Amino acid sequence: MIVYLIRRFGQSLLAIAAMAVLVFLGVYAIGNPVDVLINPEATQAEIAATTERLGLDKPLYEQFGIFVVNMFQGDLGTSFVFGRPAMDVILDRLPATMELAMVALILSVGIGVPLGVWAGLRPDSIAGRTIMGGSILGFSLPNFWQGMLLILVFAVLLGWLPAGGRGTTTEFLGMQVSFLTLDGLSHMILPAINLALFKMSLIIRLTRANTREVVLQDYVKFARAKGISSRRVVMVHILKNIMIPVITIIGLELGSMVAFAIVTETVFAWPGMGKLLIDSINLLDRPVIVAYLMLTVLIIVSINLFVDILYSILDPRVRLSEMKG
Amino acid sequence: MSKLLEITDLSTHFFTRDGVARAIDNVSLSVDRGEILGLVGESGSGKSVTGFSILGLVDPPGRVVSGQILFDGQDLVKGGERLMRSLRGRRIAMIFQDPMMTLNPVLRIDTQMVETVLAHEKVSRSKALERSREALVAVGISAPDERLQSYPHQFSGGMRQRVAIAIALLHKPDLIIADEPTTALDVTIQAQILSEVQQLCANSGTALIWITHDLAVVSGLADRLAVMYAGRIIEEGPTADLISAPMHPYTKGLIESVPKGKQHGALLTQIKGMTPSLLKLPSGCKFNPRCPRADAACQTEPDLDPVIGTDRHVRCIHPHAEAGA
Amino acid sequence: MSMSSDQPAAIPARIDHPVKRVFKEFVEDRVAVLGLALFVIVAVIAIAAPWLAPQDPYALAQLDIMDGGLPPGEQSFGTGQTYWLGTDTQGRDMLSAIMYGLRISLVVAFVSLGIAISIGVIVGVAAAYFGGRFDAFVMRIVDLQLSFPAILIALILLALFGRGVDKVILALVIVQWAYYARTVRSSAIVERRKDYIDAARCLALSHRRIMFRHLLPNCVPPLIVVATVQIAQAIALEATLSFLGVGVPITEPSLGLLIANGYDYLLSGRYWISLFPGIALVLTIIGLNLVGDRLRDVLNPRLQK
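Residue numbers (our numbering), protein chains in the order written: chain A, 22 to 346; chain B, 948 to 1272; chain C, 3 to 307.
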């Protein structure tokens, strides 16, 4: 198990390194890094100072070394717009995004898995077909447009919920969160649904497909032949088997939720790091873009690592073969 | 006292897209307490569906459409799911064909055994565990404590089948339905399992329905044989009589296609033609297109009639003479 | 013949041509046929837009600012023509704009699909055929790329490249090739392990011949399924990127950009400017997804009854 963990950890580091190289090449090698990294309105002296600090006059490999060293110190440049370290600007926005992504994930799993199992157990029933039809719809509505519809219906026409922003936040574990106040919660409902719907559809489809395959297995029939209740057959024998692929996907989807939050945050003016990214792209605030990219890569790679470990804990077959291997 | 199991005119059909497959049609069978019945037939003859019908485990699109299954006086067809569940695993147990597939890969052996005990008896977990341990010992598994904490994939095929048998024996059922339980195993393991099952059933007075396509295996085991063809029982009687003097041309063909020691060098006979499709059965006797004795009279289907003066039944208009000539 | 089935095994093996069988099973599902019809209609509208559209939405001479922001069904103050889906703030007929926007959306998606499939097929088949280090290397890249969300990669690429139809296509190709490479490789590798491929190699058939005559045909069914789903994803992704302002330029507005343009007016009640392009977009994607969904069932050997 330890060997496996170390190997898997090494792979994650490799992925981060590969992305760091790509980001570096994107920023430094394509085009003039002075344009990219230094505020267009900077004075000549400022340009000289930054060039010096980032070693932009040095050969490429040395620049890469400086980039890596700076990155490890959390220094990814200074935001042109905010005049603060880019990493700080991003980290300020991180809790809002993570909160949104987590709530959306809980929604999509909590609703998606039961519906998917239901549709998988009774694929030809009216409920099963309705669930599948709904999931195709959820799958087909582009996130941004679906978000606009939510605003149109619930904020503009019905006026039940606010159209954007984060509402009142309170401090929780040192972070500003929305879900603890009523106002914050009301601001969160629409964006969370928006972000969750696509993933929910995905999870429904995946769960259904897996359920349909698992119910055909002999061990399900054998379990029934043992006389145990159908509740236990579904909740233990079937669910435990389908949870393995489902958890893998859920993990990977959490990463993509952080990315998709870009769209949701833009539509709902949710002050997370995704909205910051779009603002930064529009304002050409490149250090922030770089910082966002590296942070997101780090988050996604960590999630993947975590999911793999979880997977090996859940599936005894993987656990043992990996332990031997 | 009535027989333990009496099936009368049981029909189970599969309603597929391509039409209705009459997997079993008007099957009548009976099993006495402690008796071993061999149910013989090719694949698609309906022998497994018969087994699943008894347990009420026919999956859609299949359904028991008519007939009666009297188990210890109770009609299982009318009894409903509640009655079935109380019988399954407790009074009627089943062993499946492929031991690699019958145990749930993600649950430990102890979980799968204990749940079987707890499904029917209100005992403590430790008590259930103790029962499971004893059952494993009874089927010849050494180091049961260690085995209980293992996952199925850590076992060989023969060992898994022993576990499945142990599970079937947990409640000392009145009837075990064994669906080709040795087919997937090595020949040496087959012989071991065969004799062990025979012994265990004899010790506990359990009746056994041994479903197989292999006449050689079952002839040394069963008290009586029933031969199935195209969803019907075509011949039925005490094993020795049926083997030495088959009356139905199909049974005769089946027996002659088994190699015997003294016929060394002699040609094996084979039954010409193929098993008919269940969707398009021939009219009249279902075997007539392949039968060497068929004539115009065989266009009407014969009943499974008792043979006067014997304990046998045959469904044939031109049966071989009883002397076996 | 197997002796071990517990289901009625003797259901006749139809000997229909596979394409015929797939077609027959496909049309059994009315919803899927509806999806296909939907997509065909959309495609015809997109191709024939210049002839079907009541107005050339980008010939500025035809626009009348007086007609700006008219709700659906209103008539033009100048020409008296009816704007069935209303006009945008510049007086552009939304119906025409949607038809032209559809055209751009589909062109971007299908061109990128074609290029991405070509790359994916070549890389995937080669990886399966040559195996070893080349395979390991290529699949590492594929895995690495697929572990990051497509939208993130595309967004970053476009932030670097800048706006443009060609740049969006390039970004979509980069995002999508890996899906096809993985799909093709996993089907091809199953076939690669079969003996006849070794036999073909012994006959000294050229690599290319073996790869494309023997390995590739087996990859076609899963490739079709993935492509149907991916084309819908590509259309949605392009729309999203354009909505976020990094996609197609304002001079060539796709459906996504039309929606984005109308977004500002949504809250003020002029819902039609972004609602109708959105409906067109969603109908296109739903049509494709319904087709893909059915194809997945029909082409999946494990679910065949």
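One should not assume that every hint holds.
[Claimed, not checked] Restricting the straight-line Cα-Cα distance to at most 25 angstroms, the calculated cross-link-like pairs of lysine-lysine (DSS-like) are:
#1 B:K1119 / B:K1074
#2 B:K950 / B:K1025
#3 B:K1227 / C:K196
#4 B:K1227 / C:K169
#5 B:K1119 / B:K1069
#6 B:K950 / B:K1119
These aren't lab readings, by the way, just hints derived from the structure by calculation.
The model shown is predicted, which means the values in this text are computed figures rather than measured ones.
Status of the hints after comparison with the structure:
Taking the CA atoms of K1119 of chain B and K1074 of chain B, the gap is about 16 angstroms. The hint holds against a cut of 25 angstroms. As the CA atoms of K950 of chain B and K1025 of chain B are separated by approximately 18 angstroms, the hinted pair is consistent with the 25 angstroms bound. Proposed proximity of K1227 of chain B and K196 of chain C is contradicted: the alpha carbons are some 35 angstroms apart, above 25 angstroms. Annotation: proposed proximity of K1227 of chain B to K169 of chain C is violated, straight-line Cα distance about 60 angstroms (limit 25 angstroms).
In summary, the hint linking K1119 of chain B to K1069 of chain B is supported, as the alpha carbons are separated by about 16 angstroms, within the 25 angstroms threshold. Only pairs whose Cα atoms come within 25 angstroms are accepted, and K950 of chain B paired with K1119 of chain B is accepted, the gap being roughly 18 angstroms.
Hints 3, 4, counting from the list given before, are not met by this structure.
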